[in-house]
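K.L.:
Given next are the chains, with one letter for each unit.
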Amino acid sequence: MPVYRCVSIGSELADGSFEQLAMPHFERLYNFACWLTHDRQEAEDLVQETYTKALKGFSSFQPGTNFRAWIYKILRNAFLTSRTGLKAAATVPFDLEGEEEILPAVKETPETILLQRSDGQLVQQALEQLPVAYREILLLCEVEEMSYQEISATLAIPMGTVMSRLSRARKTLRNSLRPQLQRG
Amino acid sequence: MVCESWKTKLDTYLDGELPEQEMRTFGAHVRSCHSCSADTLTRVQMKRKIQGAGRRFTPSAELRRRVQHSIAPKPQRSFLPGWAFAAVAAVVLVVGTLTLTYVKTRSGRDQVYSEIADLHVATLASSSPVDVISTDRHTVKPWFQGRIPFAFNLPELQNSEFSLLGGRMTYLDQTPGAHLIYDVRKHHISVFVFQERSFGARLDGNALAPEKLPFNMETWSQGGLRYFVIGDASTVDLDSLARLFKAAS
Numbered sequence: 001m002p003v004y005r006c007v008s009i010g011s012e013l014a015d016g017s018f019e020q021l022a023m024p025h026f027e028r029l030y031n032f033a034c035w036l037t038h039d040r041q042e043a044e045d046l047v048q049e050t051y052t053k054a055l056k057g058f059s060s061f062q063p064g065t066n067f068r069a070w071i072y073k074i075l076r077n078a079f080l081t082s083r084t085g086l087k088a089a090a091t092v093p094f095d096l097e098g099e100e101e102i103l104p105a106v107k108e109t110p111e112t113i114l115l116q117r118s119d120g121q122l123v124q125q126a127l128e129q130l131p132v133a134y135r136e137i138l139l140l141c142e143v144e145e146m147s148y149q150e151i152s153a154t155l156a157i158p159m160g161t162v163m164s165r166l167s168r169a170r171k172t173l174r175n176s177l178r179p180q181l182q183r184g
Numbered sequence: 001m002v003c004e005s006w007k008t009k010l011d012t013y014l015d016g017e018l019p020e021q022e023m024r025t026f027g028a029h030v031r032s033c034h035s036c037s038a039d040t041l042t043r044v045q046m047k048r049k050i051q052g053a054g055r056r057f058t059p060s061a062e063l064r065r066r067v068q069h070s071i072a073p074k075p076q077r078s079f080l081p082g083w084a085f086a087a088v089a090a091v092v093l094v095v096g097t098l099t100l101t102y103v104k105t106r107s108g109r110d111q112v113y114s115e116i117a118d119l120h121v122a123t124l125a126s127s128s129p130v131d132v133i134s135t136d137r138h139t140v141k142p143w144f145q146g147r148i149p150f151a152f153n154l155p156e157l158q159n160s161e162f163s164l165l166g167g168r169m170t171y172l173d174q175t176p177g178a179h180l181i182y183d184v185r186k187h188h189i190s191v192f193v194f195q196e197r198s199f200g201a202r203l204d205g206n207a208l209a210p211e212k213l214p215f216n217m218e219t220w221s222q223g224g225l226r227y228f229v230i231g232d233a234s235t236v237d238l239d240s241l242a243r244l245f246k247a248a249s
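Protein chains in written order, with this note's numbering: chain S, 1 to 184; chain R, 1 to 249.
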């Protein structure tokens, strides 16, 4: 039943050139950048900046370590220091730990039928409206299929925080989808 | 009651992140428990929906071409005959050996300085330059606990012209650091603190102040940390603030 993940190709290709290591992540990085910025032009600039910075700092990448986590971390840090990133961090507290109490508990009922009927649009909208800290961790886990360890390296947070933040992100997403699914 | 304890781990199970033994036990339980089985199905569907919704944006071929072009190794062309190339190579080798360390250190150093200047400008231009707003160093310093992988001291500002506006986390070369903003006679001064080891050989000891920056800057290394004081205030003001930091560290 568990949903197994793809194994990162970072360590296997550790001896390759920068281009060989970096280009396989191009489409996924762009997708992730679009979700962070909500703007295609900004996402293009962010991806371009990420590749430039990664190439410049490639000598600091340790062969045998996880290249994917390394380059995603560069993209995320570039986003955080961009105008949009600064604004996102300023308008929504980036560190949302410790807010569990204020989230209403979801009574887990079988929402299977409603989920089956819903189109992707609802989930897209709900993802867009999540605070950036929740959106990014859900995307890294579900879309990029990163392990908790990779997410921990990418976001520079401890494993325990990965688990608790993921749990809160999922709960927030379910809560925001619930009324819409019931209406639909 | 037993199911409640299972359900708290349901997402971890579906992410394949439980220990092997627990994965097997969990799998057996899910197959035999109607309630957990229904929850599992719901969450699997939610995962699938997020995966589908999340893979949404596709880059243009033009962007791919631009990125590829920017990272492609530049071809090395030689217009010289073999013997001339060898002679030039020998000269380059000698001169290069003598200057390589100097140039490498200098270009690395200039890059760090311009990144620091960028961070200073970008922060002051933002609508919310600080994440922790306080003039009290006993509020600002503890705010960094758990956010950056080192500790540092903030100076006492009584009887000085400086006032602390607040602080924020920052990154330089993917390394976290502290960014503090001070005010002196309506001039804003940024103080950056990073771990010295993040800079490798690019900065050595009390590196020289940069010559071509649009701001005044002072930098030094102390106790394994690298400090940068930057702003449009006078060098005298920057030096005074730097001395307060040096005394506090």
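Hints listed in this document are in silico derivations from the structure and should not be mistaken for laboratory results.
Be a bit skeptical, because a hint or two may be false.
[To be verified] With a straight-line Cα cutoff of 35 Å, these simulated DSBU-like cross-link-like pairs (lysine-lysine) come out: (1) S:LYS73 with R:LYS47; (2) S:LYS171 with R:LYS7; (3) S:LYS56 with S:LYS73; (4) R:LYS141 with S:LYS53.
K.L.:
Work down the list of hints and note, for each, if the structure agrees.
P.N.:
Against the structure, the hints:
Distance restraint check for LYS73 (chain S) and LYS47 (chain R): the Cα-Cα separation of roughly 23 Å lies within the 35 Å cut-off, and the hinted pair is therefore satisfied. Pair hint LYS171 (chain S) plus LYS7 (chain R) holds up; C-alpha atoms about 13 Å apart against a cutoff of 35 Å. Restraint check for LYS56 (chain S) and LYS73 (chain S): the C-alpha separation of about 15 Å stays at or below 35 Å, so the hint holds. Restraint check for LYS141 (chain R) and LYS53 (chain S): satisfied, since their Cα atoms lie roughly 30 Å apart, inside the 35 Å limit.
The structure is consistent with each of the numbered hints, conforming to all of them.
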